[in-house]
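Undergrad: Model the full structure from these sequences, guided by the hints.
Line by line, the protein sequences are chains A and B. So the first sequence is numbered by this note's numbering: it starts at -17 and just counts up by one. So the second sequence is numbered by this note's numbering: it starts at 395 and just counts up by one.
The set of hints was computed from the structure by calculation and includes no laboratory data. Take these hints with a grain of salt, some might be off.
According to the in silico footprint, chain A covers these stretches of chain B (three or more CB under 8 Å from chain A) [claimed, not checked]:
hint	region
1	492 to 502
2	634 to 647
3	651 to 657
Using 20 Å as the maximum straight-line C-alpha spacing, the simulated DMTMM-like pairs for lysine to aspartate or glutamate come out as follows [said to hold, decoys possible]:
hint	chain 1	residue 1	chain 2	residue 2
4	A	Lys219	B	Asp513
5	A	Lys215	B	Asp513
6	A	Lys57	A	Glu21
7	A	Lys179	A	Asp260
8	A	Lys246	B	Asp513
9	A	Lys263	B	Asp495
10	A	Lys217	B	Asp513
11	A	Lys301	A	Glu48
12	A	Lys375	B	Asp495
13	A	Lys263	B	Asp438
Every residue, glycine too, gets a C-beta built ideally from N, C-alpha and C.
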Amino acid sequence: MDSRMFGFIGSAALAIAAGCHSKGDAVPAAPAANAPAAEPVLVLGASLSLTGSLAREGGLTKEGYELCAKVVNDKGGVPVADKKLKLEIRYQDDTSKPDTAAQLVDQFNDQGVKLILGPYGSATTEAAAAVIERNGQLMADVAGADDKIFQKGYTRTFAVLSPATQYVASMVQALAELAEPKPTTLAFISADDGFSKTATAGGIAKAKELGFQVVAEEYVPNATADVSSALTKIKPKNPDVILGSAHMVESIAIVRQAGELGVKPLAFGATIAPHTPDFVKTLGPAAEGVLGSTQWTTQTAGSDKWFGSAADYAATFQKQFGGREPAYQNAEATAGCLALILAAEKAGSIDPTPVREQLAKLDEQTFFGPIRFNAAGQNVAKFMSVIQIQGGKPLNVWPKNSAQAPLKWPNNATAKAAKTKG
Amino acid sequence: MFGLIAVGFSLVWGVMHIVNLSHGAFVLLGAYLAWQLNVYFGLDPFLGMLPAGLALFALGYGLQRGLINLVVNAPIFITLLLTFGLELLLVNGLILVFTADYRAIPTSYAAHSLILPGDVRVPFGRLLAAVLAIGVTALLGYVFKRTRTGLAILATGMDRGAARLMGISARHVYALTYGLAAGLAGAAGAAVGAVSTFSPADAGRFTLFSFVAAVLGGLGNTSGALLGGLLLGLVEAWGGQLLPGTLINAVAFGVLVVVLAVRPQGLAGKAFYASRVEV
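TA: Quick look at the structure:
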């Protein structure tokens, strides 16, 4: 729910806040390359959801960027031509609103910051991508997975992450390969934002291709904490698996309210939530056995000279952030930063055009898996991984070659009993 | 539960003529307080409604006396801005202190359901929240009709000048009202924590919902607000059966438009403070 009045007052307040920021930033904003007296720096701009509905995920993204800057600077900086440039990332808060994200990217351009690290989420990324294209900036998209962003012919936005269509499809694929006895009926619950709908469409297409029966396809409002209407409609169809394409709040609501309403599938799956520690903390034992798809796990194959392997990255992250395990949102943010650095190094320049040329040609193994872009700017070289909550921890179960544990199936004895009776 | 949030919102409007945009932030403060009590002392969130309500009452009382009273006679836009600013401060304060993580207060029973004939399931948590909301509103109604303090609040809402002449301290009554509203929001927040997830970003959603529910029921009318909240909840649940996704909101607001067109004074009927006199 959103109201025009809030929007109006919100944007007024924001305009005031943004005004203050830009004034404050005006002094150090001179492009780094033109400041020979100081230590040479490579400035990246990042408009992030630090407040608002995506503050949680935006915060994770920021941590990923901070880690990138720290590791790169600790190793002496980015080698560009014959200099080593210190990495400096400037952050602005887009309050989880696409139009603000677009404005902030424009502001970065006014300040001479041409290389941009993407915001969190598809809506903000889509808005920013249009401005990037117009201004001739260059953006590493780290969390905008919606395929729509890449169907507009933009040439200056490159996504390190797998496209949205893979999020649900990877879970369907994992079920087809690993679940024994194989489930037959699937129900889909999707939030109604662009990313989630694209992910659901990808999942349904995959399910039909693999011979599953799709018994329900329900859409719920984005960020709702109440999905009982959708579950009530699904209940009589008694699906084997309910797959949610949704964010944290909706995903928690699906599992929790299914319990309340007596909807008992063999398993739940949800796109982006289960991998985040909040999911298990909030749901407790109910989270057990839930499947999730993730861009990255600590088992992901590949390594690079800055961060090493995925396990090395996790160790560095834990050292920096008080022993906490990295979430995939942290890793994809760092990977976006890494892609820009690698491209700048190859280009021997920080000018957006040569960096863009190198980014388009990039073909590297990294801690995040392979990074190689197609003509639209999507990273088509890497797989999504599927995890399952086992013993309160997300463990990698698919693809098999990087699995930490076999899939527990069916994960829930009572569900199994109820199913066989039914 | 949403009804309980709306009751406080409606009260502040009715007595003080202030659209309290910080109301949603009070709900979250209550939720976080109950969460803290649960983490440190294992206190049940429904029992946590009492300390959360009391703490928020104290905060609300203080805020009104020290801050909002300064602009209580100012044009409505000033009070809107002040309470909106207050909301920003509180929400961002919550993000700083508690981070933007999603939280919930787990109980052993809230996710279990009462199974009625026809496989109708009523989750215990939500049932308890609804019963408490109705109970608290009934109690509030009793206080307003039967106690001197309650009558003083009503009287001040109707005609501040006359109330003053009768020896009622308007300042105290206003602070009491604002405290009550904040306390109700805090108590509702504890219940929200038990049946749902929350994070600081939810403040706007709670404020908006209470605004709509209060208008639907008739601004200033507490039982009307509860009725509005219940109706809105029902419309959303049924709307969800017929329409996908965000269109549910269209149904909910459609009902609001129809009610306002047909009964501008709201569902509950009499515009209690319509004849108010500003002195």
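Undergrad: Does the alpha-carbon distance linking lysine 263 (chain A) and aspartate 438 (chain B) stay inside the 20 Å limit?
TA: Holds. Lysine 263 (chain A) to aspartate 438 (chain B) sits at ~17 Å (cutoff 20 Å).
Undergrad: Against the 20 Å threshold, does the CA-CA distance of lysine 57 (chain A) and glutamate 21 (chain A) hold or violate the hint?
TA: holds, 15 Å
Undergrad: So if I understand the rule, the pair passes when the alpha-carbon distance is 20 Å or less; does lysine 301 (chain A) with glutamate 48 (chain A) pass?
TA: Status holds; Cα separation ~13 Å.
Undergrad: With a cut-off of 20 Å on the C-alpha distance, tell me whether lysine 215 (chain A) and aspartate 513 (chain B) pass.
TA: Holds, because 13 Å separates the two Cα atoms, which is no more than 20 Å.
Undergrad: Please work out if lysine 246 (chain A) and aspartate 513 (chain B) have their alpha carbons no farther apart than 20 Å.
TA: holds, 13 Å
Undergrad: Would the hint linking lysine 375 (chain A) and aspartate 495 (chain B) be met if the CA-CA limit is 20 Å?
TA: It holds: about 18 Å lies between the C-alpha atoms, which stays within 20 Å.
Undergrad: Hey, lysine 217 (chain A) versus aspartate 513 (chain B), does the alpha-carbon distance stay inside 20 Å?
TA: holds, 11 Å
Undergrad: Is the straight-line distance between the alpha-carbon of lysine 179 (chain A) and that of aspartate 260 (chain A) 20 Å or less?
TA: Answer violated: lysine 179 (chain A) to aspartate 260 (chain A) is near 23 Å, above 20 Å.
Undergrad: Does aspartate 495 (chain B) sit within 20 Å of lysine 263 (chain A), going by the straight-line distance between their CA atoms?
TA: holds, 10 Å
Undergrad: Examine the region 634 to 647 of chain B: at least three residues should have C-beta closer than 8 Å to a C-beta of chain A.
TA: Since three or more residues must qualify, the claim that chain A covers the region 634 to 647 of chain B holds, with 7 doing so at under 8 Å.
Undergrad: With a cut-off of 8 Å between beta carbons, are at least three residues of the region 651 to 657 of chain B near chain A?
TA: violated (count 0)
Undergrad: Between lysine 219 (chain A) and aspartate 513 (chain B), is the straight-line Cα distance small enough, at 20 Å or below?
TA: holds, 14 Å
Against the hints set out earlier in the document, violations occur for numbers 3 and 7.
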